[in-house]
Amino acid sequence: MIRVEDLVHTYAPGTPLARTALRGVSLEIGPGERVGIVGPTGSGKSTLVQHLAGLLEPAAGRVGLDGVPAHARTVAARAQRRRVGLAFQYPEDQIFEQTVFREVAFGPRNLELDEPEVTDRVRWALEMVGLDPAAIERRVPFTLSGGEMRRVALAGILSLRPEVLILDEPTAGLDPRGRRELLARVLAWHEQTHATLILVSHNLDELARVVERVVVLAGGRVAADGPVRQVLSDGELLRAAGLDVPPAVALMQALWAAGWEVRTDRLLAEEAASEIARALGLLERNGRPRRSREEGRT
Amino acid sequence: MPPFIETRGLEHAYPLEDGGQVAALRGVDLAVERGEFVALVGPNGSGKSTLARHFNGLLMPTAGQVRVEGLLTSDDRNLWTVRQRVGMVFQNPDNQLVASTVEEDVAFGPENQALPPAEIRRRVDEALDAVGLAAYRTHPPQMLSGGQKQLVAIAGALATRPACIVFDEPTSMLDPPGRRQILETIRRLNAGEGITVVLITQSMDEAASARRVLVMDGGRIAMDGPPERVFEQREQLRALGLDLPQAAEIAHRLRSWGMSLPAGLLTMETLANALC
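Residue numbers (the numbering used here), protein chains in the order written: chain E, 1 to 298; chain X, 1001 to 1276.
No lab work stands behind these hints, which were simulated from the structure alone.
Quick reminder that beta carbons are idealized off the backbone N, C-alpha and C, glycines included.
One or more of the hints may lead you astray.
[Unchecked claim] Derived DEER-like restraints, expressed as beta-carbon distance ranges: (1) X:Arg1229 / E:Glu261: 30 to 36 Å; (2) E:Glu261 / X:Glu1126: 48 to 54 Å; (3) E:Val140 / X:Asn1095: 24 to 30 Å; (4) X:Glu1184 / E:Asp225: 30 to 36 Å; (5) X:Leu1261 / E:Ala188: 33 to 39 Å.
[Said to hold, decoys possible] To list a few chain X residues with every Cβ distance to chain E over 12 Å, as calculated: (6) Pro1061; (7) Thr1062; (8) Ala1063; (9) Leu1071; (10) Asp1075; (11) Asn1078; (12) Leu1079; (13) Thr1101; (14) Ala1114; (15) Leu1115; (16) Glu1119; (17) Arg1121; (18) Ala1163; (19) Ala1191; (20) Met1223; (21) Arg1229.
[To be verified] Some but not every residue of chain X turned toward chain E, in silico, with C-beta under 7 Å: (22) Gly1045; (23) Asp1243; (24) Glu1249; (25) Cys1276.
Take these sequences, add in the hints, and give me the full structure.
Take a look at the structure:
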């Protein structure tokens, strides 16, 4: 259980450049949850996740991992921090080893695991991100494509077997297919491990596909915290926080305003299409088309 | 008059450490006219950024040629002019800011052109007005939001008075309001100021706002046409790993269930109007 209580963070305290990034954040994240964190630039998202990983010291308030202060310099706190894996934006920028194997093995070797265990973990982690260990483990990371490098970097975190995985904009810069594949791998990893997943993203489409709960940060405070469908379809709340509704929601709201009897909490293109089709009677209750395109023509 | 940008048989290969080469462009023939708004899309590694870097002579052709207003980019004597005509804005605004206040940052280009101070002042003011940042002129750029920093980078490009700006994924690191701000600015510069725009993006919704979409695949141009045409080719795009704009995807699904809708629905506004 992650428990954040009245967390305050100030950068460069006591200087003219002092800036308060978090102004009293409280939230709890339970084991196995899939939670999204959204907010405009400067809302405190990256600061918050660094606190969850115990990388920063609170100016006030507490961050507890199973009751242990996350940043403390104690054996117990170090053990707790090892359970948290954090992938920063563009994690492939931090790749430095000469082969994919050594890169993914870096964390497990630091844990002083024996070599067979290290090898097991490297292969499992590479398979988890959809790479074939036999084909890729001897390659030089810098000769891989951008999408492959991103996955190697992610494998380097999964090989630590984190019980909490924090991903900061994991699909930034990837093409649509690379994005889809990476998210599918992350979901499969969650399915297998039942670990906690925390996803920081500007991409509302991505959040709608991956998480079940969304925390909205604005100005260093929690502006909303609730089920993904409810939060991401609340136009007033999102606009007040400096965000937009997903395009599909905007469409449903326009139809609603024009008098259509449709649900506005359809977050994805396919959900919006089904809802419109239902409202128009194009689909049966079971979601099957009343008539196919071909039949429609005859 | 020759096209504004013209490539003929353009090839580009990057050298590998082992002495080999990897081909990034495999024969690109392309003409971009003055005042066009072209979106450049394609999977990672398809050659988009490499092509864009040929448009202002940041890269030299391995084979073939590139001309800007008829000037060969491979001729050293043309480079100064070419780079003045074609500005570039990159993905990460933090890597493009060089000065301690917004106006000094924007003045960097014209100062390098050794213009008289009064002219530099005029250009900086105009550029900041054009992107709506006049009120921030004395702010340190690092105190601005991501979208505002990217607007500073755009103002910096504008201050050199280019005829064309190439944007290489300018919105991919920004939040949704920042993205919208940049896209609106790009549209205004194109429609209002007549600046030729080449926009590289991974967002098909952004590409849909261009008047011409180029789809790259494996170092070649695979599709080229107005967005209404290109985004009709759903299967071909999916084979390249690309999506449709969300409104086009919804329209496609509704049509497949028997609904008749007009062609070319690319935005939620046009889709909502067609439905109501």
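For this session: Report the numbers of all earlier hints that the structure fails to satisfy, in ascending order.
Result: none
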